[in-house]
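Novice: Could you put the whole structure together from the sequences, leaning on the hints where they help?
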Amino acid sequence: MALVRQAERTIAYVADADRHALHTVDIDGRSLLATTPLAGAPSQLVVLADGRVAVSLHDSNRVALLEPAPAPEEKLAPLCEAPTPSEPTGLFVTPNEATMFVASGWGRTLTAFVVDTLDVRYAVPLPREPRAIYVEPSGRRAFVSHAIGDQISIVDLEDPLHVLRSVDLRRHNGETSSRRTGQGFVLTALVGTNPERVTRLLAPMVSVDGDAGSISTETYGSRFLAAAPLVAVVDTTSESLLGRDLSVLGGLDDVGGPEKACTLPRAAALVGDRLLLGCLGVDAVLELDARARDPMHFERRRFRVPAGPMGVAVEPGRERAVIWSQFAAAVSVLDLHEGASTKPVVEVVVSKELPPGLTAVEARGRILFHATNDPRISGDGRACASCHIDGREDGITWQTPEGRHQTIMLAGRMNEGAPFGWRGETTTLRHHVGRTMKRLAGRGVFSGADSADLDALIAYLKVMPAPVRAEADEARRALVARGRALFDDPQQGCATCHPGGGTDRAAYDVARSPFRIPFDTPSLRFVGGTAPYFHDGRYATLGDLLRGVDGTMGHTGSLSQDGLRALEAYLEDL
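Numbering (my numbering), first residue to last: 245 to 818.
Where hints are given, some of them may not hold.
Quick list of simulated restraints, FRET-style, between CB atoms [said to hold, decoys possible]:
hint	residue 1	residue 2	range
1	His581	Gly273	19 to 29 Å
2	Glu582	His675	48 to 58 Å
3	Lys319	Gly647	50 to 60 Å
4	Arg782	Gly295	48 to 58 Å
The set of hints was computed from the structure by calculation and includes no laboratory data.
Positions of the beta carbon are idealized from the N, C-alpha and C atoms, including for glycine.
Specialist: The structure is reproduced here in structure tokens:
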């Protein structure tokens with residue numbers, strides 16, 4: 245979302261991913277002025293100085309430029325567009341408006357475009373699931389946050405090779421224990437008196453304790469916050485995390501309890517020394533002290549907003565903020581003056597219709613999937629989306645009652661059929677979801693109105709959008725075709741358990757442990773973006789997996805390096 249001033253009015257441009265549209269909203273007049281259809285689901289947008297609007301379309305793998313009409317009541321006109329790697333999300337335009345940077349989540353790439361023509365300047369490979377971008381005013385470095393992983397990536401923009409570095413965001417609790425980080429959807433900078441020297445980056449996210457459970461119990465939920473909210477503060481001068489040794493193993497009361505903890509941060513904006521943070525799950529905007537070592541522990545106040553706050557914008561020169569709530573399809577205005585009410589002073593609903601492609605039951609399920617304050621789901625405030633980020637997975641191997649198991653991607657896989665779980669112990673999705681809730685120390689949802697909510701959650705699991713891959717070039721298609729032939733070749737045996745890249749729904753002792761424990765065969769749909777691999781995450785890459793499981797999962801040991809690369813390319817394309 246972005247704000248502009250037009251004809252003495254404040255206009256909000258809103259990216260509505262559900263309706264594949266860009267809404268023009270008159271904030272002062274409290275009305276929807278126009279809706280511009282788009283060729284895909286918008287993720288982020290930026291308004292240029294001349295009024296043009298740049299927008300990333302994450303499910304059509306495009307970035308587009310649009311031009312406003314003379315009157316804001318008219319739709320914007322398309323100017324040009326360009327292809328991107330899979331799933332463009334983050335968007336950042338340099339102050340001189342010469343270069344536009346796009347972070348592609350599934351494509352794991354930072355692409356630099358010429359703003360006026362959308363020609364590609366260069367592209368830089370990144371770690372998994374990049375989201376937000378910040379380019380410092382000097383133009384020397386780009387900082388990129390990640391929804392999954394323990395780092396902020398730093399790209400050297402002056403170096404011809406665009407060398408990649410990173411800031412380790414893990415929080416350490418002693419010599420041997422550390423907490424992983426994730427949910428890095430937001431990145432902003434605290435600018436001091438010299439804007440050319442930004443020295444503090446603020447990255448709202450969560451700190452995750454993968455060992456929160458005990459192998460000897462029936463549950464891996466607890467009153468300790470397995471997913472603890474924090475705002476990571478990065479010193480850009482030293483390129484390091486401030487407060488690395490700060491313990492975040494406190495109880496729920498330290499962050500307001502599960503009903504208040506912001507464990508799904510999705511949008512942010514700075515107002516002077518205040519950080520406004522939009523939080524899914526609790527449907528609130530938090531006002532935090534941006535100067536603190538960890539602003540999450542210095543909450544000044546919170547504003548209740550409609551469901552699904554995904555956008556926050558602050559109007560320059562005025563003490564008010566505008567919030568876009570995706571699930572409620574509503575724009576709200578907050579009065580930021582000291583002592584003002586924490587309820588929105590204005591609310592504009594852009595549509596009262598259900599999003600295309602979602603039934604009322606599935607829309608309810610989406611809200612439940614992101615609910616961080618539902619004791620039926622967990623006892624420590626975790627939501628389904630805490631481990632299954634955007635319906636995918638968190639890249640973490642968790643301690644469970646059966647040992648160390650990694651999170652499995654859900655989106656695009658839930659219609660493969662039973663059984664479910666790494667041990668294949670549940671025969672229905674309903675049973676599996678309820679069992680998981682109990683293991684998270686939740687009450688479960690089984691009877692009466694609860695039963696209807698469980699049905700809604702399961703309905704949403706089956707329709708969660710999967711990534712849309714960018715079109716491959718001819719050389720890549722040839723490599724994938726060779727890999728497919730190797731996959732289907734009985735000599736390798738891959739398709740025996742994974743027919744067509746799916747699953748035979750059987751369990752095998754692939755770990756070859758003394759206990760002879762069978763593991764369910766998971767679907768390989770979208771496996772290329774779900775590292776690490778194996779039930780316990782022992783393999784960092786697909787290449788490591790193919791080399792490491794010869795004889796226990798197929799027979800790939802005799803393949804040449806070229807053959808392994810082709811097979812890996814096919815798996816990445818599933």
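Novice: With reference to the structure, classify each hint as holding or not holding.
Specialist: Status of each hint after checking the structure:
1. Between His581 and Gly273 the beta carbons are some 21 Å apart, a value that agrees with the proposed interval 19 to 29 Å.
2. Hint check: Glu582 to His675, Cβ distance near 52 Å, so the stated range 48 to 58 Å holds.
3. Between Lys319 and Gly647 the Cβ separation comes to about 56 Å, which falls inside the hinted range of 50 to 60 Å.
4. Separated by about 53 Å at the C-beta atoms, Arg782 and Gly295 satisfy the suggested range of 48 to 58 Å.
In this structure, none of the earlier numbered hints is contradicted; all agree with it.
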